[in-house]
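Please assemble the complex out of the two chains, which come individually in their own frames, going by the hints.
Protein chains in written order, with this note's numbering: chain H, 32 to 548; chain E, 33 to 479.
Careful, some of the hints might be misleading.
To be verified - Capping the alpha-carbon separation at 25 Å, the derived lysine-lysine pairs in DSS-like fashion look like this: (1) Lys198/E to Lys284/E; (2) Lys475/H to Lys272/E; (3) Lys270/E to Lys547/H.
The set of hints was computed from the structure by calculation and includes no laboratory data. Fair warning: this is a prediction, and the values are worked out from it, not measured in the lab.
Listed below are the residues making up each chain.
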Amino acid sequence: MKRLATVVLFFVVSVLSCGAETAVPQNRIDQLVFAKQSETGFPPSELCSDAIFIRRVYLDVIGTLPTSKEVREFLASKIPDKRRLLIDYVLERDEFADYWALKWCDLLRVKSEFPSNLWPNAVQTYQYWILNALRQNMPYDQFVRALLTTSGSNFRDPPVNFYRPFQERTPRNILDTTALVFMGVRLGNSGWSEEQMLGMDAFFAKVAYKKTDEWKEEVVYSDPDKQMLNPATKELVVPVPLGGKPIKLGADDDPRAAFADWLTSPENPWFSKAIVNRIWFWLMGRGIINEADDIRPDNPPWSPELLAYLEKELVEGKYDLKHIYRLILNSSTYQLSSIPTPQNSADQAGFSHYRVRRLDAEVLIDAICQITGTGEEYSSAIPEPFTFIPASQRTILLADGSIKSPFLEMFGRPGRDTSLESDRNNGVSVFQTLHILNSSHIQKKIMKGPGLRKLLTLSPTPRERVNLLYLVILSRTPTQEEQKIALDYIASADQVDNGSYDLAWALINTSEFSLKH
Amino acid sequence: MDSSLFQYPVSRRRVLQLGMFSAAGLMLSDWFTLKASAAVNPLAKAKSVIQVWLWGGPCHLDTFDPKPDAGYDYCGKFDKPIETNVKGIRICQMLPRLGQMADKYSLLRGMTHGNNAHEVASYMVMTGTKPVDGVVNPSVGAVVSFKKGYGAGYNGLVPPYVALTKPQGRFSEAGFLGSKYQPFSTGGDPAKIPFAVEGVVAEGITDARQQSRRTLLGNLDTFARSMEGNPLISQMDKNKQDAYSLILGEAKKTFDLSKESEELKTAYGKTTFGQSCLQARKLVEAGVPFVTINAPGWDTHKKHFEVMAQKLPELDRGLSTLLQDLSDRGLLDSTIVWCGGEFGRTPKIDWDAPWSGGRGHYGKAFSHLVAGGGFKGGQVVGVTSSRGEEVIKRPVYPWDLAASIYELMGIDPNGTLPTPDGKTAFFNSLADSKVKVESGGLLREIM
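Okay, chain E solo, but in the shape it has when bound (with noise of 0.2 Å):
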């Protein structure tokens, strides 16, 4: 098939016009879309992933989403949003310094699944696919790990896949691939010194005290000789010396924050959460192909706004200096930054005890960043209703982001991948004809 030909064949402008529509019906076009988009790939211009994943549920509300007008029940406190430095974006009032590049970044308003329950919605955002029965898929960043990692053009030491600090936790992010495909969590805190990423940086063990363990190792190890030719002790040699590159070579300064100017560090905020932004920006560096940030605490059931008033500073600094940061190395055109969770927040708020101002799941309706990697900035994709509970106009569904983001990555999202027992899956929603889900189409108005 001549691809130019199926480039576009549908106006975007037209499918967006008819809102929400189904796999089952109007999906042909978009299907099209993709099919012929997957095969050249004209838009493939990010390298890699920086998920930065709320875990709990942020207030759309209270970040990317606000509703001044709503009243005091759905606003709070945070009834005063900013202008941003795009004329008719407006965002929550505590986040100043992502008011000031909202050029840099798209807001997606129209996220939207229907489901309030953490493991559900996580595996829905995470592997942008609807659940069903008899497979588990993988999370985005192990389909990134599978696609771009190793024995797929990466040979750095560093995973391609890498957690800062530790697993999602909900379910399997490596899902049927297995857990070859698991991130690599590091342990550790990089806020403080050193990071002691676990496996990589021991602390109390000299560089010479490694080189003598590892002779003594090396010499005691009698079985491995006596079994020389077997397959998996010589890949378990292997992996020795591999393991020893990372603990005594280059690859360990990729997590030296040591060395990055205090300004810098200040800048990105001195918490585990503001060092993990900026070892992020390290990896990206280093051609990691896919890090995600898991950033807990947005479950407010109670004390919302005390809890915001916490962590939403920590959010603004981190993620502004992280796009800033990307921006002024030049990496922001090869670095997705996809920040968001599982769902949103209930917009009415639960003023009684015991929640003192709390607000419950949210799947009907929540907000997503992103920003680079192909993603054009000051947009906003989709509108909710007044009080932001509904999506009313230009869903987006977890698997039009997921198909996007892997789009931008250069990864057919119609492809499939191989399963335990022998065959193939689908690994998105939208490219399997078996699943009906309700879709808004791909993020072409941003790419």
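Pulled out of the complex, with its shape left as it was, chain H reads as follows (with noise of 0.2 Å):
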């Protein structure tokens, strides 16, 4: 009896060791999520523990792995609210609009040849303002209104090239976008009329384009000539925003500025919800709204309570997205361990343990990059003008959607074809495990790459390896079991330094290490 209670004892403590604690709600999101789980029976895991959050809250918020040292010191701090400053510490780094313009980018399809055909000068410049936009925090209505009003050349005024990815430029065609990318709404699926449609459509009706002298320039601009018939009545369309009421327009006035004005206005129902569950999406891994980018009143929120709570934050908050990743992820429905239990292991849309993904594409060879200290190299297929991409350059700030190579293709990075969500494809293959296993790609990175070369130098002992070698590519200490394992293993090993690289491989093999978790 004595001899269990103390084997028990033992459990629990080991447990407690790695971190795990009971999720207790930390703020609004957690009484309205553990409210709705506790109606559904799905009991929330425990918090996942220290260095499973570090690593986390990086791939999440920044799309990149944490370094040894941020592991370490972040491990070593005895700070009672270090996950909150973690949080607001990544939220701070350049990283966070490097990532985020890279979602952007997919959504606006910012590639240079089909279908989007922007040119390679429009590219560079329409990231950047947008890379610019996320680093100033720019309030998020602002930055959709200057995407839908702005008037210029596609290469000094970066935002008009969000009328240009189209190969057909009908209203039709950018209200879809619009509806799509801004109100998380389908048109195919919306249930919209078409008379609805129509008038939604008149918004773009006078947007024109026009040629420059100069190679591929292009001025997007709003032309008080154009106008819209009903094909069927051959009568003037004027805009009607969805629900309301014909807007009365002067000759000269823009249209494109009514429609902002309607669209970001604090009553209008599908702006602030879009975004904030889309937020949610990309964070937890499924929409409170699900798919994300399908809003329909035949697709109702797992909680509309939780969905108004967000977007009346986002709207009091001044349109301010960092304030809604900060809601987010200071909660513990984001900090739950992924870990099931057997009460919650059946719950796929409850958010009662996080969801496990594979890294994206551009994350995971960056990541790959990061442990070996190699780059890769990016060329464009468009001669002129050229395309330089340092090796340097981290591949979350390729700019380009038609820049590709087999690595990225293979990993699901999205075509930049659709702006749906589901064009990046986050799924797993035989082919992308045999690439990470058995391609001279990764190989080369891991053998002959300074990075792994330097850590062995740096640590002698096989001990010290091992535990680096955990630290920096599983972003924690390897546990009793596992060092024996990998000591063992280089003990064996005809060199030290064959097992060590062997460690490396399998370790950066793992689906520890490929998934978020």
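Okay, here's the thing in structure tokens:
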């Protein structure tokens, strides 16, 4: 009996020493989520450990693997609210803008060639504008207004490129993208009548384009003389916002401005909802309305109260997107372990444990490059103008969706063809496994890159090597059992270095490495 | 519907006499033919396609549609076309080996789409669709991979859609089907031994070390064990097992060119292109339904004739040996060989600097070659004007060609595929009544 008690005690201590804690509500999100979960009968898992948390928050928020130094410092810190401080820190890192610019470039279909055909100069300036807007934390309503209402040159007034990535530049095609990106509505699923769509089309009826003397320069502007006729009645179509009254405009008024007024007003039922739901999806792996870009009456939110709360916070917070990130990241809901409990393992839709998912293609290759001290070589197929990308530049900063690599293709980087979230495929395949297991591309990085060689030089003893490789690759220290397996392997290898490289290779090939968890 | 009643409701000759016809008007006849034959597919003979993609747009005048009477400004130094072994068919003098086997292939001299931009033209020719907004269509290879790959009867370890050695690069081949249907790009160089196929053949790692690494990895996948039952983790575990069957098993041999005879390798040409042709044959032999050889270098704006003097003999060797080799092994009847690029090149040569004898992009008229898999040999489809500037008889649009290939592969070109938003879409412009395209009709005369 006494022995059993000792065993139980040891088990409890070892679990606690991993940092597992019962989740308690930290903020309003948790109150709403936990209330809903007790309704559905799936109680939350425990909180994740600090080591898991730092890796998770880095990968989710800045698309970047933490360094061994960052992991050590965070784990060693005794500050009680260090998670909150870490969240504030990552939200201020440059990579925050880098990573979210990547997502926005996906949604806005930023690529030089087919079917966007933006051309390299415009791609560069457009991506740079998006990046800067995020760096300066431009309020979201202003960001969208700039995209919708700017006139000018595709090279000099970057947001005008919003109106360019179409094969056929019709008001309907512009509406289609606008509704999808900013309202989360798929036109084909929307249930909007043809009359409603025509009223919305009319906001884009005066969008016009003209060439200049510069090669591939194009000016986007509002042409007062352009009109749109109802194809059935041949009558002039006037702009009517969805569910609203026709808008009277003067002959020289740009209807796009009226559209932006309507879209970004606090009363608009789609605008705030679409973006807070998207951010929730980006961080949690599933939308409150799911899929995140399929908002329609017959696709109800998992918790309408939660969605309404986030919308209210966005409006009251003056469209500061980081405020929404911060609220979600500080919640216990976000910080739950990915390991399900027997009570919640059947939960598919309810956020009772963190959803494991594969790293984005760009984030994965950046992580491997960071560990191995290597870079990637990218080049554009368009010879003039020549696009130079230094090997030291991270892949998350790659502006042009037309610049590809077999790795990025294989790991489901979006074609930037549709503006749908599902354009990115974070599924797994045998070829991905093969590539990381055995391709010369990855082998060379591990065996020949300066990163691991330096690490092995700096830590001469096998034990130090094992610990450091775990920190660098998996952002945690090894368990005793893992350490023993690793040390035995190194001891039995024909050369200590070969054994160490094999260990690094094995850790990079674990599912723990390629997944967010 | 009793399909036999509708097998060939309109005489092919009549359609041909009418020449070019639009989808909106006379399409109905072809539509019936298409609908009816698709149901039974009496023509489906092909099991695989080898697409030899001449990236950049090879000049039709200097390959399969010579115009010796057009004069020096059009022919340059290639003004003595050779007679082939089929009476009346002449091809460029730089292709003597292909000239000896014109009975094995047919030439499509009526290829046209009118677009002069690489990316749009590549898209049209590789997908068989006209660009429309809101949808990016899959390439013919991706469609074949969907219809004939995993889950559709193919169980090979080598992926069903292989690109030698790099992806196409100007658009996403998988289109709306998503990255699962991307081609597997081998990387590496088949002209080197070993051919280091990315992921399959790693240089310098012995099988013994592979094994010990595998054991180590198995022992250290702690996280996966804590997540037992998670479908994503189970899938990744299964993928690891499958990956090792490729690395350590039989499939690796499909990429092993070292066992091929020296004579054959030399016949193919010991270049990346030549050995890619050989590799393509081995892949088809192993049952892979679609192989694309992405052969770059045909975008000859400058010094066209100097470049062609290098490239044509390489093409001649590789392609002719491929056709002969497939034929010798009894594979040509079940393998479509499809060779061409995204467009032709301007018939009139630009002799001035900086082009120094160059040719620009030309989408109005160009040539493709098709052979095997149910395509007849020794035929010419389409005629261009005396200087090769326009198609004057029997145009062949990219969708006509793609739909013909689909039919021979037993794929209904009128069918649909699932899109990411949960709907379906057509994958050939002839099938989609919402897309207005001109059409010359399917290649019935050679099927």
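Here is how each hint holds up against the structure:
1. Lys198/E to Lys284/E: holds (19 Å)
2. Lys475/H to Lys272/E: holds (20 Å)
3. Lys270/E to Lys547/H: Holds, at roughly 19 Å.
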